[in-house]
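A.B. asks: Spelled out, the chains give:
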Amino acid sequence: MMTKYQQRATIAVPEPLIAEANQLALALGESAADDKTFNTAAWQDAEGNLYAVSSTVAKPIFAQIAGQPLQAPDHAPDMDLAAATRSQALLQINGGIATPDVIAVILGDRLESAQDHIKALGLTPIPQDTP
Amino acid sequence: MSASIDNLINVNFTKGRNDLLNFGLKLGGKGQHKPYVFKPEDLFFLGEQGAYYSPVDISTLFQDAAGTVPVTADGDPVGRMIDLSGNGNSAAQSTSAARPTYNTSPDRLSLDKVDDTLIITVPTGGWNGTMVLATDEGTVSYGVDIPAGEYEIGGVYFPGNAINGVVFLNSAMTNIEKSNTEEYFIENGAGVDYSEVTSFNDYWRDRSEITEFPLIDTSSGTSFILAWYNCTSLTSFPLIDTSSGTNFDAAWRNCTSLTSFPLIDTSSGTSFDAAWRNCNSLTSFPLIDTSSGTSFSLAWRDCTSLTSFPLIDTSSGTSFILAWRNCSSLTSFPLIDTSSGTSFYRAWLNCASLTSFPANAFDNIKGGDFTLAFTDTNLSQESIDNILVSLATSGIDSGTRAFDQSGGSAPSSTGEAAIDTLRSRGWTVSVTGGY
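If you read the protein sequences in the order shown, they are chains Y and S. Residue numbers for the first sequence follow this note's numbering, so the first one is 44 and each next one is one higher. Residue numbers for the second sequence follow this note's numbering, so the first one is 8 and each next one is one higher.
Derived from the structure by calculation, the hints contain no laboratory data. All C-beta atoms, glycine included, are put in the ideal place defined by N, C-alpha and C. Please note that a few of the clues may not be correct.
Just a few of them, taken from the derived set where beta-carbon distance is under 10 Å, the chain S residues facing chain Y [as the list claims (entries may be wrong)]: (1) ALA72; (2) ASP81; (3) GLY86; (4) SER103; (5) VAL163; (6) ASN168.
This is chain Y alone, in the form it adopts within the complex (with noise of 0.2 Å):
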């Protein structure tokens, strides 16, 4: 049997845009808990602009779904799909590095690591502290 998952999405979201973007991961999710698909901003561009990321395995459907309009699934009936159709307008597909005015996305191969995924978006780890 074939896995229906047939690629990796990578996703970052701008720091100021977490909020938003994570109700778009609602509205395009399976599960009512996608509401926490991004989290810390642990990651920045070379401008030392901050963004949270995440990787997942999707289904082909993902781009074509991704470009439609939005409704509230049915396990989030209640989604504030304002919000969620303002993070779709920046979603940018296969577009390069991530900036902090788009929501940048590397769509490839289920194969394909996340973290060459990361490395295409142009991010690297927020170093630890020191002095």
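Place chain S on chain Y using the hints.
C.D. replies: This is chain S only, laid out in the frame that chain Y set:
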């Protein structure tokens, strides 16, 4: 003698888990009876608390957290993994994007090391005993103390890239139980002993539940950055093979319960930044080989219980920034080789008990940044004189030239003469007594 083997087994069943397992092994291959084959669920035969997970049995895996959609194919996400111990402690992940992926050959749950993790709700009382963790890179047993509440398997920091199996037992396993469990997972495709891993960066980071760390094979390891960072429950550390290690940055940082540290082979180590920072229960430190070390920034910062420091080889060391800051129990310091040193910024700041410092310590240094280096110390007059005279001897007259001391004694006329020399070379000097 008429007693049958079955009778013998029944007798031993009543005596306890260890007897069952030991006796069972002795039976293996004997006579016409089927050899006893160990399975991790046997550890829970007498109702022991804990949990056991194995992706080898795909029927225990579900795509959703509620356990309604079974995992059926390589590549499916795993939102629920059933506990095979009989204790009902299933592991689950409610957030879709944070679910590990089931893969075959061998059966395992692959982690993206971004957000994939399964969560166990550890019951009241917690688990204090042994964890056998099988990953794609190694299978080893740890002593653990896990409090009640949510516990994550997986996450950003994990010693491997996949979960091949896990057992938590709320009591200490015997050695034979550990080896049987490890062998079971290895026979089902888990990695053996970490012997092929070169980068151990972040592997056991934030594992505050680990109370006992095993003697694993780290002989191929070159990088140990943050490997045991925040392992706050470790009281001792095994003599692992670190002979290939070059970078030990923050490797044992915040191992706040370590009371001793072994004489590991650090002869290839070049960077030790923050390596033992805030190991504040260490009272002594071994004479490790640091002859290749170039950077020691923050290496022993906040090791507040160190009462002595060994004469390690720092001849290649260039940066000693904050190296011994707040080692507040040090009373004396050895005559280390600082001849390659360029920066000693805040190196001994807040070493409030430091009274004795040797002469000639800085005769051959390469840089003069001693900003706040001896602020809040307790140097004797002889010691501050030693330091100032040695700095003057160095002849440094370019680059950063700054020196600060506070606390302890003011310099004598000998030290004051050295200060005059230093100031004539462009140094900014501030000392106790205000000269």
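A.B. asks: Each hint should be assessed against the structure and marked as holding or not.
C.D. replies: Hints, one by one, checked against the model:
Taken as an interface hint, S:ALA72 checks out: its beta carbon lies about 7 Å from the nearest beta carbon of chain Y, inside 10 Å. A hinted interface residue such as S:ASP81 counts as satisfied when its beta carbon comes closer than 10 Å to some beta carbon of chain Y; here the least separation is about 6 Å, so the hint holds. With its C-beta approaching chain Y no nearer than about 8 Å, S:GLY86 sits inside the 10 Å limit, and its interface hint holds. Look at S:SER103: its Cβ gets to within about 4 Å of chain Y, closer than 10 Å, so that hint holds up.
At its closest, the beta carbon of S:VAL163 sits 8 Å from a beta carbon of chain Y; the interface hint therefore holds under the 10 Å criterion. Interface hint at S:ASN168: satisfied, since its Cβ lies 9 Å from the closest Cβ of chain Y, which is below the 10 Å cut-off.
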